[in-house]
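Working from the sequences, and respecting the hints, build out all of it.
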Amino acid sequence: GWQFIPESYPTNTGQWLINNWAGDFNINARPSVSNGQTESSEFISFKGVLNDFSSAIDVLYEAYKQHPATVCNKSADPREVLLTPADEYDSINADASLDHQFLMQNRNTWLTVKAGSAKIQKMSVDKTEEFPSIQLSDHYGVESVLSLDRTSAQDVAT
1 GWQFIPESYP
11 TNTGQWLINN
21 WAGDFNINAR
31 PSVSNGQTES
41 SEFISFKGVL
51 NDFSSAIDVL
61 YEAYKQHPAT
71 VCNKSADPRE
81 VLLTPADEYD
91 SINADASLDH
101 QFLMQNRNTW
111 LTVKAGSAKI
121 QKMSVDKTEE
131 FPSIQLSDHY
141 GVESVLSLDR
151 TSAQDVAT
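Position 67 of the sequence shown, counted from 1, bears residue number 67 in this note's numbering, the numbering being contiguous throughout.
In short, the hints are calculated from the structure, not lab data.
Do not take every clue at face value.
Computed list of lysine-lysine pairs in BS3-like fashion (alpha-carbon distance at most 27 angstroms, straight line) [what the hints assert, rightly or not]:
1) Lys65 <-> Lys114
2) Lys74 <-> Lys119
3) Lys47 <-> Lys127
4) Lys74 <-> Lys127
5) Lys74 <-> Lys122
6) Lys122 <-> Lys47
7) Lys122 <-> Lys65
Okay, here's the thing in structure tokens:
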């Protein structure tokens with residue numbers, strides 16, 4: 001799983017080589033039971049590992065003020081049912097938040113997310129005979145605009 005992260009990416013200067021992590025982490029951020037928690041215990045553990053090495057900003061949570069559904073979104077209209085079986089929408093997997101973006105703020109500010117740009121992308125397509133789905137994937141995409149401060153980035157590289 002995700003335990004490889006601490007060993008794999010810090011550079012010898014203590015700076016993270018990769019400052020933006022985005023995609024399908026297959027860790028549901030939403031708790032399976034509504035008991036006052038805003039995040040699942042597995043997701044809290046995952047963020048703890050990231051935060052042991054750098055201050056990890058959860059970009060989508062910052063944008064939505066919650067963990068948005070990125071798989072099996074029950075409120076989607078129309079629902080995608082070719083890639084996601086219809087009965088999944090009534091299962092514990094419904095409205096899962098498996099896709100994330102983290103910005104690692106490791107003592108520098110050379111990479112930032114443009115305000116208001118972070119969002120999930122449904123990746124809708126027109127249904128055809130060759131591809132009878134309304135989405136390219138059963139997951140939504142993660143999208144944001146990143147800004148690079150070239151001067152600060154050069155300082156990190158040297």
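To see whether the hints hold, each was checked on the structure:
1. Proposed proximity of Lys65 and Lys114 is supported: the alpha carbons are some 17 angstroms apart, at most 27 angstroms.
2. With a C-alpha separation of about 18 angstroms, the suggested pairing of Lys74 with Lys119 holds against the 27 angstroms cut-off.
3. A hinted pair counts as satisfied when its Cα atoms are at most 27 angstroms apart, and Lys47 with Lys127 does not qualify at roughly 38 angstroms.
4. A hinted pair counts as satisfied when its Cα atoms are at most 27 angstroms apart, and Lys74 with Lys127 qualifies at roughly 20 angstroms.
5. For the proposed pair Lys74 and Lys122, the alpha carbon gap of about 13 angstroms is at most 27 angstroms, so the pair holds.
6. Of the pairs offered as hints, the one joining Lys122 and Lys47 holds, with about 25 angstroms between alpha carbons and a cut-off of 27 angstroms not exceeded.
7. Between Lys122 and Lys65 the alpha-carbon distance is near 19 angstroms, which keeps this suggested pair within the 27 angstroms criterion.
In summary, the one numbered hint that this structure violates is 3.
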